[in-house]
Amino acid sequence: MSARWPTIQLTVNGRPCSVEAPPMKRLLDVLREDLRLTGTKEGCGEGECGSCSVRMDGELVNSCLIPVLQAEGATIQTVEGLAPNLESGGALHPLQEAFLQCGGAQCGICTPGMLMAAAQLIENHPHPTMAEIREGLAGNLCRCTGFMRIFESVLAAATQASDRNLEQAPHAR
Amino acid sequence: MRGNAEAHELIAPGSLAAVLDLIAAEPGVWTPIAGGTELMVAHAAGRLNSPKLVSLWGIPELRLVRAAEAEISLGAGTTFLDLRRSALIAKELPLLAKAASWIGSIANQSRATLGGNLVNGSPAADSSPALLAYDAEVEIISARASRRIPYSKFHIGYKSNALAADELLYAIHLPRRFAQHRHYLRKVGTRRAMAISKVALAATALVESGSLREVRLAAASLAAFPTRLYRVEDALSGRPIAKELIRAGRSAILAEALPIDDIRSTAEYRRRVAANLLEEFLLELLGNEERS
Chain A
1 MSARWPTIQL TVNGRPCSVE APPMKRLLDV LREDLRLTGT KEGCGEGECG SCSVRMDGEL
61 VNSCLIPVLQ AEGATIQTVE GLAPNLESGG ALHPLQEAFL QCGGAQCGIC TPGMLMAAAQ
121 LIENHPHPTM AEIREGLAGN LCRCTGFMRI FESVLAAATQ ASDRNLEQAP HAR
Chain B
1 MRGNAEAHEL IAPGSLAAVL DLIAAEPGVW TPIAGGTELM VAHAAGRLNS PKLVSLWGIP
61 ELRLVRAAEA EISLGAGTTF LDLRRSALIA KELPLLAKAA SWIGSIANQS RATLGGNLVN
121 GSPAADSSPA LLAYDAEVEI ISARASRRIP YSKFHIGYKS NALAADELLY AIHLPRRFAQ
181 HRHYLRKVGT RRAMAISKVA LAATALVESG SLREVRLAAA SLAAFPTRLY RVEDALSGRP
241 IAKELIRAGR SAILAEALPI DDIRSTAEYR RRVAANLLEE FLLELLGNEE RS
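Order-wise, the sequence lines are chains A and B. Quick note: the first sequence uses this note's numbering, first residue 1, plus one each step. Quick note: the second sequence uses this note's numbering, first residue 1, plus one each step.
In isolation and in its complexed conformation, chain A is listed as follows:
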């Protein structure tokens, strides 16, 4: 049965993976069902809410809008890849710490996407202004926090990271 589908190679959170999937299967579903990485959430399924945000070849994307065939050979980072050594006692990513400290997460459905959008933002703008934070997260909807605590979390993470030099953090890309 599975032989009818092509084999697609991709690197997810630093690990080479190979999946057999219908080429139009969404990257989101491949991550959650085939690779069991359920940190990435589905919200709207139409690219409006950002819950399924992941990074693909260094760009922020909505994984619900990517047919997995177009991810062939790509390097993907999901929320699980932000703190890769967590289960062996490693630290959270500075953004995750800041979300905890600032109350940036409530129900949690939007949080993985928010974190990925914020990680992308901080890579492009290590010292973001509030306007840049708002633009960087404009495609990520939250129905609990009212957004301000999320923006404050990102600002806090960026400020703390610049204080202790983000480049030295083990999880910084």
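Worth double-checking, as some hints may not be accurate.
[Unchecked claim] Covered, in the sense of this in silico footprint (three residues per stretch, anywhere, with C-beta under 8 Å from a C-beta of chain A), are these stretches of chain B:
no.: 1; stretch: 41-49
no.: 2; stretch: 276-290
[What the hints assert, rightly or not] Residues from chain A that face chain B, not an exhaustive set, calculated with beta carbons under 10 Å:
no.: 3; residue: R4
no.: 4; residue: G14
no.: 5; residue: P16
no.: 6; residue: E20
no.: 7; residue: M24
no.: 8; residue: K25
no.: 9; residue: G50
no.: 10; residue: P67
no.: 11; residue: T75
no.: 12; residue: E97
no.: 13; residue: G113
no.: 14; residue: P126
no.: 15; residue: E135
no.: 16; residue: L137
no.: 17; residue: L141
no.: 18; residue: R143
Honestly, the hints are just simulated from the structure, not real lab data. Computed from a predicted model, the values in this text were never measured in an experiment. Even glycine gets a Cβ: it sits at the ideal position worked out from N, Cα and C.
On the provided structure of chain A, position chain B as indicated by the hints.
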């Protein structure tokens, strides 16, 4: 997710020549898909009526920004983030850079392509008014030949365009003669980010000796497809920049605009806003003249 991935074939031949050969061999059978920000939404909703799709993502000939002496050429597969990152576009085609920043979110801009925006042909397409105001041409390619037409002739009806079944949109060419022009672009939507426009208006104007030597006006969501406002242009062009222009412009745009009521707005609101946007543009011109 109401669509069924198993019901669709998707292939990625990997080169432009291979895609053109495929659609020449079976015209109308294969639906091109680039960044997927439109077709994957239809797929999720279970309304993607394309059993066979061919991927244009990752084809280098389609994704480029190139400057020649007389024009800037943009590959149809250039993403909106690519456009936003181009210093050349920011400098010479500021309306296009601005429009690119309005398209959805960063995660949409990293995937959505300029060509996809045009081929999808929404009357509200964000990039269209700027391209029309810059007098863009589009280059269309097939295994047989390539041809260039004015972008203003590309849309021929609601969501229909000049492409034959074996053709692809290849590039968008923008003449480099707008350095002296005044530029205007404004979009009115429900919120600043992620919104599809209720109305958008773009304009370029060349002012000489206090008169409108040359003016191009283009709008989104005032007709079945993005369009130049030729009658408004005729009503304004050649005239001195003075308060009287505003009355002439408002009455011309109210006569030419043919918006509809839909989920995003009403025809009446769109007409009023379009007239207000035109007035804002003309007031900017007037302000510039008074200062100079």
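Hint check:
no. : hint    : verdict
1   : 41-49   : holds (count 4)
2   : 276-290 : violated (count 0)
3   : R4      : holds (9 Å)
4   : G14     : violated (21 Å)
5   : P16     : violated (19 Å)
6   : E20     : violated (12 Å)
7   : M24     : holds (4 Å)
8   : K25     : holds (4 Å)
9   : G50     : holds (6 Å)
10  : P67     : holds (6 Å)
11  : T75     : violated (14 Å)
12  : E97     : violated (23 Å)
13  : G113    : holds (9 Å)
14  : P126    : violated (16 Å)
15  : E135    : holds (7 Å)
16  : L137    : holds (8 Å)
17  : L141    : holds (9 Å)
18  : R143    : violated (15 Å)
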